[in-house]
Amino acid sequence: MSDATRVYRSPPREGSPVSDPTEAPPDDGVKITIDGREFTAHKGELLIAAAERAGTYIPHFCYHSRMSPVGMCRMCLVEVDSGRGPGLQPSCMVPVSDGMVVDTESETTKRAQEGILELLLINHPLDCPVCDKGGECPLQDQAVAFGPGESRFVEEKRHYEKPIPISDLVNLDRERCILCDRCTRFAREVAGDPLISFTERGNRTQVLTFPDDPFSSYFSGNTVQICPVGALTAAPYRFRARPWDLDQVESTCTTCSVGCRIAVQSSGDQIVRRLGVDIDPVNHGWLCDRGRFDYESAYSPERITDPLMRGRAGDSELIEATWPAAMAATAETLREAIDAHGASSVAVLGGARLTNEDAYTWSKLARTVIGTDNIDSQLADGLAAEMVLTLPRATIDEACSADTVIMFGVDPKEELPVLHLRLRHAVVEDKVPMIEFSPVETSLSRHCRSVRHLPGALTESVSELLASEGERIGSGSVVVVVGRGSLAGSGEDIEAAVAAIRQAIPHATFLPALRRGNVMGALQMGLSPGILPGGLAFSEADRLGEDWAGSQPVVSDEPGLDAAGILAAAAAGRVAVLILLGADPLADVPDRDLAERALAGAGTVVAVDTHLTVSARRAHVVLPASGPGEKAGTTTNLEGRISRLGPKVTPPGTARPDWMIAVELADRLGVDMGFADSRRIWDEISTVVPMFSDCPVERIESPEAQDGILCRPAGDGDLRWDPPAAVAAPPVDAYALRLVSSRKLYDQATMTANSPSLAGLAEESRVRLNPRELDRLGVTDGGRLAFVSPRTRIIATVSGDEKVPRGVMAMTFNAAGPAASELIELGTVVTEVRVETL
Amino acid sequence: MTLRGTTVPHAAGFVAGDRPRIVTAHFDDPEAHRLSRYEELGGYQGLRKALDSTPAEVHSVIRDATVLGRGGAGFPAGVKWGFCPEGVWPRYLVVNGDESEPGTYKDRLLMELDPHQLIEGALIACYAVGLTQCFLYVRGEMALAQERIATALNEAYAAGYVGRNIMGTDFSVDVVLHWGAGAYVVGEETALIESLEGKRGMPRLKPPYFPAAIGLYGQPTIVNNVETLSNMPWIMNHGAEAYRAIGTESSPGTRMVAVSGHVKRPGVYEIVNGSTTFRDLIYGEDMCGGIREDRELKAFVPGGGSAPWFLPEQLDIPFEGRQASAAGSMLGSGAVIVMDETTDIPRAALSLTHFYAHESCGKCTPCREGGTWLERIMTRIVDGYGTERDLQLLTEVGQSICPGAFPHAADSSRGLEAVPFPYRMNTICFVGPSAYAPVNSALTLFPEEFEARVRRDEGVPVAAPGRESRV
Amino acid sequence: MTDHFTPANLDLAHEIIGRYPVKRSAMIPLLHLAQEQDGWVTEDAMRQIAELVEVTPAEVLGTCSFYEMFKRQPVGRFLINICGTLSCQLMGAEDLIHHAEQTLGITSGDTTPDGLFTLAVAECQAACTEAPCLQVNYRHRYKVTPADFDDLVEELRRQAGEGEGPDPQSPETAGVPRHGVLSVARQHIPAERAAGPSSPTTNQGPPVWMPPPDAEEPK
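Chains as they are written, first to last, in our numbering: chain A, 225 to 1062; chain B, 422 to 892; chain C, 17 to 235.
Rather than coming from a laboratory, the hints here were simulated on the basis of the structure. Ideal Cβ positions, reconstructed from N, Cα and C, are used throughout, including at glycine. Each hint should be verified, as a subset may be incorrect.
As the list claims (entries may be wrong) - Each computed DMTMM-like pair below joins lysine to aspartate or glutamate, with the alpha-carbon atoms no more than 20 Å apart:
(1) A:Lys1027 - C:Glu70
(2) B:Lys719 - B:Glu838
(3) A:Lys1027 - C:Glu59
(4) B:Lys627 - A:Asp305
(5) A:Lys1027 - A:Asp417
(6) A:Lys386 - A:Asp437
(7) A:Lys381 - A:Asp351
(8) C:Lys39 - C:Glu67
(9) A:Lys968 - A:Glu1046
(10) C:Lys39 - A:Glu413
(11) A:Lys968 - A:Asp907
(12) B:Lys719 - B:Glu618
(13) A:Lys267 - A:Asp351
(14) C:Lys39 - B:Glu618
(15) C:Lys159 - B:Asp761
(16) B:Lys627 - A:Glu303
(17) C:Lys87 - A:Glu665
(18) A:Lys968 - A:Asp621
(19) C:Lys39 - A:Asp351
(20) A:Lys655 - A:Asp621
(21) B:Lys685 - B:Glu662
(22) C:Lys159 - B:Glu734
(23) A:Lys334 - B:Glu714
(24) C:Lys87 - C:Glu59
(25) B:Lys719 - B:Asp737
(26) A:Lys334 - A:Glu374
To be verified - Take a look, some chain C residues computed to stay more than 12 Å from chain A by CB distance:
(27) Ala24
(28) Arg63
(29) Pro73
(30) Ala74
(31) Gly78
(32) Glu84
(33) Pro90
(34) His114
(35) Gln118
(36) Gly125
(37) Val169
(38) Gln175
(39) Glu178
(40) Pro206
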């Protein structure tokens, strides 16, 4: 059966364990008989789910294991006898009961199934030859397997204009719709974006949006996947392929650090589609639209397919070069720099978009071959690596079932959307109490207890809560979801708040809500100054297996520079070679001026990237890297869950995996790392790094790894996090606004901006102010004002937004147009901005 | 024949006769809808009696009286009141004033002419069961009823009969008038609750959504029909025994019945429950007085548009639930539609099937698709484009909506035995089956009228070009 | 914030919302209010209602479009609904409908060019004993013959010519308000008399007049 979310398991019902067919029957099981076979089901389990586990498929349309059952399509009617004689009942609404006898193959059942299918087909158009769903269509499959084989309907079918776009990404064909309510239910229950609804009544019912209000949900692509017919189709996929032409591999999405399980499908060596795969611990089959569609960026004109080099004279153009030439030049530059200025004149920025294998190899190259510790996979836009690696870690499941969830520094819907879906379900459906601290209203504010605080005053707010309710909260389990917060302030406020919680509630666990796809893996592989792979401090270098140190690892009393330090050093002319590992400082560093000066002041800039970003354009050497879907390896999500990546297509041109580039550089610098493929690299990682010692390659390649393998630091190492001293909230300047700048899902990020279907969804840069501020300033929505910070003055368009309190200005980071990063100076606790009318 | 009984001019259709008047007692008085007159006539004394007793005692009285629900399902109100789970609060009362069943005309009269009686009945219910807010759902198309009830409520609030500390006691409840907006299906109790929640009026599945357990906003909710509640003041005033002294043991009291169609005097009658027969209704001198122009009775719908039809041989069945069911139909909402020998049976059936297809909410497949399909086929047949194959098809589409034998009346002239009510249904609610019921009755009891209409040949039927059923 | 309701209607809207424990329940009453203000339900009205009851406009459209009475296109001043269901059909409704179409010169479903009359065939109007019947802006006329219909049209034309139409005391004999105006009497619950809406979330426990749980309840 080709239900597009085929690989699903029944979600646990109240109190019952996760259903696993290999598990022994539970003690409190309910004995039922299905088609003559006895089966023990879980108490409270729906009959349709129990039947599936027992190996009997009951055809259905409206039922979906991850949404509430509605019993509407009536396809799942089977003959059930609960003690008062057999009768047809909708198996998706009936919980099992002791002694229930079910016959899914009786004449009565079959007659009902044929009847329902005949009725569904009477208004359904004969579109199969032109319908994207053909070949993977539950209606087709069930019509063949359970249908009457002939239609007796001779009247005129319903007609509607078809298809109509209901958003930039999704098309709707109302003639094909069988009104199963899956899409509207998803939008309402799961996504919390009820922008589509049934309209009209009876036979004229149609799914529609409100006029001029498109279905602009971040999760709209899921409705296409769960639609059991071709009514909802994805615009990027329209007429692209037939399912039987597609080649498929399971993989993990690396667009953000939630690490949703996906299936990558290709045709003719091009990625054509991504689908969500249902795994229990992470995404339940859902994807966000960004992760679903940003594979398009692989084929953008900005994709780098061959190495590029610039002449030594600073302003000559980047022209295509061969790999040998580019690598030779890079190696030579490195050798010169090390000889003339020492290994610490080399710095590496980036690595949070790499695989674990890539990250480990670059970490090893930097430390043991080049000899520098100036490495940072975060761009001064994250959290202290020591904190992230030493905090007791929570899983998403634990966050969704905690006695209290505390959240600050992140709006998950914008940065980690599927985490938002999980948390939203926990808070709205399961009534998990959540306390959120935020300077502006977020996507969950309405559903939880939301505390507003001025930027810079987070620790105060959190401390107040802990003082008055810390004991009550601490009497149960507590999970803290913590992100970097506004990029207009240093992360110190966040870190101080974390420290306060650690002190008041020692058993609290943490989910670091950092955005980039493999930031967790990068940190765990040591792409951070002073930290060796596995979260080891320099003092524990001898715990690493001997394969790690070809020559001596850098062991100095002080760790190298972090991103802020690297940028400052580069700006001051002390960095001879700056390597950008998939990093785009001009876009991502929250201090545009510093990033500019750093790139200008570095001796040689080497960019290893998939796309010609605005930073890569300043490089002297550009080396093309493979992107998602083009390479094998593993990635680690924000929980510390390691999962496999499935390569599906060939990288374009001569692009190659990042680890391969590092190996060749090492080779040219005289060291043979001995890595021929990513599997070999993981082999070394699991033997060399204590943290991964119980994750040998075989385990990574086993079926167990489909759910990912949770690998968390033991916490017994030397690595220490020194929390900042309590951050005093700066006094309020009545003449200024405090800047809050966070990311939105659609912005100028490389993969988004290079995916044609998504690029148009990014909004232009605006400053959002409370409507009363607009009144006070005498400006209307859409007007323009000048904003002056200690760094610079910019002119921007303003909008009124009730979600922004007074005294605050909100500006999306990395949006097109005037950049928020221009206003920010790295290291300040808050950015105060004065407003001038024009 | 001279017809006895008086029509009441301001109560269009109501005919008073020599019969007990429980709910229509005030209909003769055109001012009875005003509070001052209602009080003069003894109004709100039933509520006073209730407040002088405990809630449990009031519940007991109503249960003993065995008031059967008057909305169509006939479930005893006192028993329904007992279904609310213990310890779950708050609880609500929803008054179902969404009278829309074809042939039914009684609740509108009660709302327009005696709104205070209804309010009093609702208050008695709230007191007895601990219902802390009452929503009076009035069908949207009944503008006058809305006016009368709004005015009555304003009067009652001012006089202390509704709201906080009613009649000086600690009983407090708000009665909120809520307008419907035109959808028959909303008369189904769970659809009514959905509509009250501000949503599309699509029924919920039972189980698990029995309103008394999970109703409005997920709370225990009692849904009662207007006529049912209108009985409460009289019962409180006169007692359960006096109520049971009228009618029969299984069906005590009175009930309002509207008889329409081809009778000499169509009208709304308050009849003695349980013992009055259809013959009394249709032919009684003090009621409809026989078929118009002394013609022959062909068939009649005994219980509102959803009910399978009866033939003249079922005339002696009394207004009693079990006997009606055994005879192959139901009493439903107390609406009798009479068809004489001039009636075009397929056209009559189409009229009802069209109604239910049009009013389908669209939630479940058999009703949404099957109902409309039945209507299309019937339209072709009535217009002369049907074939013999279509007759078989009608039955088979009916099977997809209601599997197994469908209830119908006995027809001795054909040797047909009755198939008792109820039917099995593949749908969520009874609207889908109601689209099929008229077709089934017509086809089963008058097959020759169809056979005369359709073409003999078994070739592929011609669909009438672009023909849609009438709006 | 959308700005569609008049200030008076906005006040009324808030009053109506305040009677319900959950705001969304006010949706249908507010749609009626919008239709009363404009004669039909406009998109702007739906947007404002969405804001007032805190749902999306799509949800308002979903509810609004389910119900027959909400017209999302302008209709004539007088909406004439002739019942076509069985009881009326048996008593000649089809002939009446045909006659009505002739008199007004339109087919059912349409509006006369002068914007005065919209004719529609409707479902059972709960006046079955008075068949054939019709409603003008939801006020009944009974046992309507073709001649009665023509008289009605004349009466309505005259009333339209005289302006807005008087506030009816007894709508059957006095004027008929224009389409959108349903009941001319409104419920108002004075604040000092109100018991207050019964919220499902602030779990209130049994009301004060109910006996405590351990008291006996006769079964």
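Verification of the supplied hints:
A hinted pair counts as satisfied when its Cα atoms are at most 20 Å apart, and Lys1027 of chain A with Glu70 of chain C qualifies at roughly 15 Å. At most 20 Å may separate the alpha-carbon atoms for a hinted pair to count; Lys719 of chain B and Glu838 of chain B meet this at roughly 18 Å. Of the supplied pair hints, the one linking Lys1027 of chain A and Glu59 of chain C is violated, its CA atoms being roughly 25 Å apart against a limit of 20 Å. Between Lys627 of chain B and Asp305 of chain A the CA atoms are separated by roughly 17 Å; this keeps the pair inside 20 Å, and the hint holds.
The straight-line distance between the Cα atoms of Lys1027 of chain A and Asp417 of chain A is roughly 17 Å, inside the 20 Å bound, and the hint therefore holds. For the hint linking Lys386 of chain A to Asp437 of chain A, the alpha-carbon distance of about 18 Å falls within 20 Å, and the restraint holds. Under the criterion of a C-alpha separation no larger than 20 Å, the hint pairing Lys381 of chain A with Asp351 of chain A is consistent with the structure, at around 13 Å. At roughly 11 Å between alpha-carbon atoms, Lys39 of chain C and Glu67 of chain C fall within 20 Å of each other, so this suggested pair holds.
Between Lys968 of chain A and Glu1046 of chain A the CA atoms are separated by roughly 18 Å; this keeps the pair inside 20 Å, and the hint holds. Taking the CA atoms of Lys39 of chain C and Glu413 of chain A, the gap is near 19 Å; set against the 20 Å cutoff, the hint holds. Distance hint between Lys968 of chain A and Asp907 of chain A is unfulfilled; the C-alpha atoms sit about 38 Å from each other, more than 20 Å. In summary, the hint linking Lys719 of chain B to Glu618 of chain B is not supported, as the alpha carbons are separated by about 44 Å, beyond the 20 Å threshold.
With a C-alpha separation of about 43 Å, the suggested pair Lys267 of chain A and Asp351 of chain A falls outside the 20 Å cut-off, and the hint is violated. Proposed proximity of Lys39 of chain C and Glu618 of chain B is supported: the alpha carbons are some 9 Å apart, at most 20 Å. With a C-alpha separation of about 19 Å, the suggested pair Lys159 of chain C and Asp761 of chain B falls inside the 20 Å cut-off, and the hint holds. Distance restraint check for Lys627 of chain B and Glu303 of chain A: the Cα-Cα separation of roughly 17 Å lies within the 20 Å cut-off, and the hinted pair is therefore satisfied.
Between Lys87 of chain C and Glu665 of chain A, the direct Cα distance comes to roughly 37 Å. Violation of the 20 Å bound is thereby established for this hinted pair. For the hint pairing Lys968 of chain A with Asp621 of chain A, the CA-to-CA distance comes to about 25 Å; that exceeds 20 Å, so the pair is violated. Between the alpha carbons of Lys39 of chain C and Asp351 of chain A the distance comes to roughly 43 Å, so the proposed pair goes past 20 Å and is violated. For the given pair, Lys655 of chain A sits about 14 Å from Asp621 of chain A by alpha-carbon distance, which is consistent with the 20 Å threshold.
Restraint check for Lys685 of chain B and Glu662 of chain B: not satisfied, since their Cα atoms lie roughly 36 Å apart, outside the 20 Å limit. This hinted pair does not check out: Lys159 of chain C and Glu734 of chain B have alpha carbons roughly 30 Å apart, beyond 20 Å. Proposed proximity of Lys334 of chain A and Glu714 of chain B is contradicted: the alpha carbons are some 51 Å apart, above 20 Å. Restraint check: the Cα-Cα separation between Lys87 of chain C and Glu59 of chain C comes to about 11 Å, which is no more than 20 Å; the hinted pair holds.
For the proposed pair Lys719 of chain B and Asp737 of chain B, the alpha carbon gap of about 15 Å is at most 20 Å, so the pair holds. Proposed proximity of Lys334 of chain A and Glu374 of chain A is supported: the alpha carbons are some 15 Å apart, at most 20 Å. For Ala24 of chain C, the requirement that its beta carbon stay farther than 12 Å from each beta carbon of chain A is met, with the minimum near 24 Å. At roughly 8 Å from the closest C-beta of chain A, the C-beta of Arg63 of chain C falls inside 12 Å, breaking its exclusion from the interface.
Residue placement check: Pro73 of chain C does not keep its beta carbon more than 12 Å from all beta carbons of chain A (closest about 4 Å). Not every C-beta of chain A lies more than 12 Å from that of Ala74 of chain C, the closest at about 4 Å, which undercuts listing it as non-interface. Consistency note on Gly78 of chain C: stated as away from chain A, yet its beta-carbon is not over 12 Å from all of that chain's, at 3 Å minimum. The Cβ of Glu84 of chain C does not lie farther than 12 Å from every Cβ of chain A; its closest approach is about 8 Å, which violates its non-interface assignment.
Pro90 of chain C, annotated as away from the interface, keeps every beta carbon of chain A farther than 12 Å; the closest lies near 16 Å. No beta-carbon of chain A comes within 12 Å of the beta-carbon of His114 of chain C; the shortest separation is about 25 Å. Listed as outside the interface, Gln118 of chain C is consistent with that label: its C-beta sits roughly 28 Å from the nearest C-beta of chain A, beyond the 12 Å cut-off. Distance to chain A confirms Gly125 of chain C as a non-interface residue, since its nearest Cβ pair spans about 14 Å, more than 12 Å.
At the 12 Å boundary, the C-beta of Val169 of chain C stays outside the reach of chain A, the nearest C-beta of that chain being 30 Å off. For Gln175 of chain C, the requirement that its beta carbon stay farther than 12 Å from each beta carbon of chain A is met, with the minimum near 33 Å. For Glu178 of chain C, the shortest C-beta to C-beta distance to chain A comes to about 37 Å, beyond the 12 Å cut-off, and the non-interface label holds. Distance check for Pro206 of chain C against chain A: the nearest CB is about 33 Å away, which clears 12 Å, and the non-interface claim stands.
In summary, the structure is inconsistent with hints 3, 11, 12, 13, 17, 18, 19, 21, 22, 23, 28, 29, 30, 31 and 32 from the numbered list given earlier, while agreeing with the others.
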